[in-house]
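Undergrad: Okay, here's what each chain looks like letter by letter:
There are 2 protein chains.
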Amino acid sequence: MEKLGSQTIKFNTPPTILECASIVGPKEAQGPLAKYFDQTLEDEFWGEKTWEKAESKIVKETVNTVISKAGIASSNIDCVFAGDLLNQCISSSFGLRELNIPFFGVFGACSTFVESMSLGAICIESFAKYVLCATSSHFCSAEKQFRFPLELGNQRPPSSQWTVTGSGATILSASGQGPYITYITPGKIIDMGIKDANNMGSAMAPAFIDTLITHFNDTGRSPSYYDAIISGDLGSIGKDIVIDIAKSKGFNIKNNYDDCGVLIFDKNSQDTHSGGSGCACSGTVFSGYLFKQLKEKKLKKILLIATGALMNSTSSQQGESIPGIAHAISIEI
Amino acid sequence: MEKLGSQTIKFNTPPTILECASIVGPKEAQGPLAKYFDQTLEDEFWGEKTWEKAESKIVKETVNTVISKAGIASSNIDCVFAGDLLNQCISSSFGLRELNIPFFGVFGACSTFVESMSLGAICIESFAKYVLCATSSHFCSAEKQFRFPLELGNQRPPSSQWTVTGSGATILSASGQGPYITYITPGKIIDMGIKDANNMGSAMAPAFIDTLITHFNDTGRSPSYYDAIISGDLGSIGKDIVIDIAKSKGFNIKNNYDDCGVLIFDKNSQDTHSGGSGCACSGTVFSGYLFKQLKEKKLKKILLIATGALMNSTSSQQGESIPGIAHAISIEI
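Line by line, the protein sequences give chains C and A.
Each residue of the first sequence is one higher than the one before, starting from 0 at the first, in numbering that gives the first Met the number 0.
Each residue of the second sequence is one higher than the one before, starting from 0 at the first, in numbering that gives the first Met the number 0.
Just so you know, the hints here were simulated from the structure itself, not pulled from any lab data.
All values reported here derive from a predicted model rather than from experimental measurement.
Hints should not be assumed to be uniformly reliable.
Stated by the list, open to error - In the DSS-like style, the derived pairs of lysine-lysine whose C-alpha atoms are separated by at most 30 Å in a straight line are: (1) C/Lys68 <-> A/Lys2; (2) C/Lys9 <-> A/Lys9; (3) C/Lys2 <-> A/Lys68; (4) C/Lys143 <-> A/Lys143; (5) C/Lys9 <-> C/Lys253; (6) C/Lys48 <-> C/Lys2; (7) A/Lys294 <-> A/Lys128; (8) A/Lys2 <-> C/Lys128; (9) C/Lys194 <-> A/Lys48; (10) C/Lys143 <-> A/Lys48; (11) A/Lys128 <-> C/Lys9; (12) A/Lys143 <-> C/Lys48; (13) C/Lys300 <-> C/Lys253; (14) A/Lys128 <-> A/Lys194; (15) A/Lys9 <-> C/Lys128; (16) A/Lys128 <-> C/Lys2; (17) C/Lys128 <-> A/Lys68; (18) A/Lys194 <-> C/Lys48; (19) A/Lys296 <-> A/Lys246; (20) C/Lys2 <-> A/Lys9; (21) C/Lys194 <-> A/Lys143; (22) C/Lys2 <-> A/Lys2; (23) A/Lys2 <-> C/Lys9; (24) C/Lys143 <-> A/Lys194.
Unchecked claim - Derived DEER-like restraints, expressed as beta-carbon distance ranges: (25) C/Lys48 <-> A/Gly249: 38 to 46 Å; (26) A/Ile212 <-> C/Gly192: 49 to 57 Å; (27) A/Gly175 <-> C/Lys2: 17 to 25 Å; (28) C/Lys248 <-> A/Ala72: 20 to 28 Å; (29) A/Gly318 <-> C/Asn63: 21 to 29 Å; (30) C/Lys266 <-> A/Gly46: 42 to 50 Å; (31) C/Asn251 <-> A/Lys68: 39 to 47 Å; (32) C/Gly219 <-> A/Lys68: 31 to 39 Å; (33) A/Lys248 <-> C/Gly318: 50 to 58 Å; (34) C/Asp195 <-> A/Glu97: 18 to 26 Å; (35) A/Gln38 <-> C/Arg146: 35 to 43 Å.
Note that beta-carbon positions come from the ideal geometry of N, C-alpha and C, so glycine has one too.
Please model the entire structure based on the sequences and the hints provided.
TA: Listed below in structure tokens is the structure:
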């Protein structure tokens with residue numbers, strides 16, 4: 000691999016995305032992408048006593064599913080990159096503790112899935128045969144931890160987003176027929192001073208724009224090169240914002256840009272306000288929907304830019320603004 | 000680089016540890032390693048209004064110090080790996096949000112520093128000229144988050160450890176005169192069912208043993224190859240345990256093994272019970288003390304194995320055991 004421009008990495012022997020798996024919760028099972036997921040759950044507990052244990056079970060079973068679909072032995076996987084939204088990433092560490100594979104914990108908030116794929120791709124081109132990448136989030140465990148007890152029934156403002164319950168996992172391979180990871184553009188932390196924890200789309204939009212434009216400048220590509228440019232979870236409000244900002248910077252993304260948080264729920268019937276969010280938002284939409292579009296050649300070149308808000312409830316209570324990050328990955332067949 | 004044995008990576012052109020920096024709090028300033036740190040603080044707030052903001056300031060200033068000591072422009076650093084103990088790793092993201100360098104958030108609890116150096120070394124041998132690795136922890140923010148409000152004055156059991164206030168940071172370079180990172184052995188999650196959150200040394204000891212023995216098996220080395228084998232923060236209880244277990248498995252580490260948590264505090268005079276812990280424990284002891292020993296050739300070959308407990312307060316309240324992890328890095332001049 001080689002460095003290209005200021006912050007992009009080009010793969011000379013691009014890693015193959017060998018297989019993907021996804022499991023989602025009951026709300027996602029009623030959404031427009033339901034048929035693309037490997038499994039949909041009937042309730043948020045899945046037989047467990049707590050939401051945290053349920054989330055660990057979801058990531059565990061998603062990882063078991065992707066290993067099974069890939070048809071390889073887990074002992075052949077060189078390492079795993081995983082992380083999630085729960086404090087100290089316990090969904091990943093408890094869900095994957097029986098996996099018996101060298102483990103790198105990562106945290107990029109809702110950008111975690113693309114961060115893990117980026118680092119996995121670097122490992123594939125440098126030493127590994129197979130790398131596993133996984134992430135999860137859970138509406139109930141996230142609301143409880145970041146906002147209010149669900150039992151309070153708090154009203155949610157129109158700009159708020161709905162944390163996706165689910166897990167996405169993928170296995171990258173040094174050999175295979177694609178889809179290939181051709182470029183990654185890891186993002187910088189961008190903090191424009193936005194403080195509204197109920198408006199994450201606005202807080203993360205500047206990071207998305209920074210990574211998007213850097214990717215085009217570094218690679219010499221333009222928005223029209225891609226069949227689809229997909230953000231992680233800016234939601235409908237963030238989506239409108241970045242179309243406008245990109246246009247003002249000379250990049251027209253209106254015709255081929257969409258957002259995982261917009262795609263996964265039906266805005267009119269599902270009452271999810273600005274759309275989906277959480278690590279599993281881009282994790283499941285890529286692993287379920289986008290990967291199949293690539294395999295069936297309905298999409299041939301996509302730029303997936305997952306966004307994350309690097310705050311916690313304490314930082315908001317202490318009056319801090321919300322630092323955002325966005326990692327981009329170029330996937331082609 | 001190449002894979003060696005079951006989980007070790009050998010660097011063919013070993014990355015140089017170009018420079019290190021460390022800042023510690025007032026308790027560490029009274030410990031036996033005080034003279035090795037770049038800066039020692041007089042109080043836990045450092046002029047900030049909260050412990051969380053103080054921790055962010057500590058990592059920010061430590062990173063500024065290491066960049067300054069290395070004599071390179073921050074724009075030449077390809078990426079940064081950082082993480083910490085605070086929920087959603089806010090110490091790193093707030094402390095480093097003005098850095099303007101592509102950012103990979105990592106979480107390995109107290110193993111984070113060696114995890115970041117491991118991933119940084121992979122990047123150096125594959126595409127990067129310079130990589131920055133940083134971590135932090137803070138006694139007060141950690142106690143508040145994981146245990147009890149400090150104002151309660153809770154009594155601490157003899158097996159408990161004292162979270163180090165401080166930050167360690169290092170810059171890895173593709174060229175240089177060493178000390179070199181020659182091997183890494185990333186660890187698996189190991190959970191032996193230990194549930195006592197006040198006895199982290201015991202919970203993490205099995206992960207240390209697993210990585211230690213795997214490293215020897217993969218490389219063909221034995222304990223006597225190294226001038227020093229150093230664990231991250233097993234503390235005095237964990238230290239005794241792993242000496243015994245290693246012996247029972249046929250590895251005698253008694254003569255050249257020590258622990259960062261034992262080294263950083265004086266057990267008799269400082270009332271820290273089993274010793275230091277936290278991301279900054281191995282971070283500051285390596286960046287302050289061990290790096291200087293290597294530069295002065297007092298140590299020529301060390302094996303640093305940082306340990307982490309991958310739990311949070313919710314998992315303990317829900318009756319879960321404590322999964323441990325240990326990442327090893329071989330450093331030679």
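Undergrad: Just to be sure I understand the hint, the distance between the Cβ atoms of C/Asn251 and A/Lys68 should be within 39 to 47 Å; is that true here?
TA: holds (45 Å)
Undergrad: C/Lys9 and A/Lys9: Cα distance at most 30 Å?
TA: holds (23 Å)
Undergrad: Quickly compare the C-alpha distance for C/Lys9 and C/Lys253 to 30 Å and report which way the hint goes.
TA: The given pair, whose Cα atoms are some 26 Å apart, holds under the 30 Å limit.
Undergrad: Is A/Lys294 close enough to A/Lys128, meaning Cα to Cα at most 30 Å?
TA: holds (21 Å)
Undergrad: Straight-line Cα separation of A/Lys9 and C/Lys128 no greater than 30 Å?
TA: This hinted pair holds, its Cα atoms lying about 15 Å apart.
Undergrad: Given the range 31 to 39 Å, decide if the beta-carbon distance of C/Gly219 to A/Lys68 lies inside it.
TA: holds (36 Å)
Undergrad: Between C/Lys194 and A/Lys48, does the CA-CA distance stay at or below 30 Å?
TA: holds (18 Å)
Undergrad: Given the range 49 to 57 Å, decide if the beta-carbon distance of A/Ile212 to C/Gly192 lies inside it.
TA: Holds - the Cβ-Cβ distance for A/Ile212 and C/Gly192, about 50 Å, lies within 49 to 57 Å.
Undergrad: For C/Lys48 and A/Gly249, compare the CB-CB distance with the range 38 to 46 Å and indicate the outcome.
TA: holds (42 Å)
Undergrad: For the range 18 to 26 Å, tell me whether the beta carbons of C/Asp195 and A/Glu97 fit it or not.
TA: holds (21 Å)
Undergrad: Hey, A/Lys143 versus C/Lys48, does the alpha-carbon distance stay inside 30 Å?
TA: At roughly 27 Å apart (the allowed maximum being 30 Å), C/Lys48 and A/Lys143 satisfy the hint.
Undergrad: Quickly compare the C-alpha distance for A/Lys194 and C/Lys48 to 30 Å and report which way the hint goes.
TA: holds (18 Å)
Comparing the model with each earlier hint shows violations of hints 6, 14 and 17; every other hint is respected.
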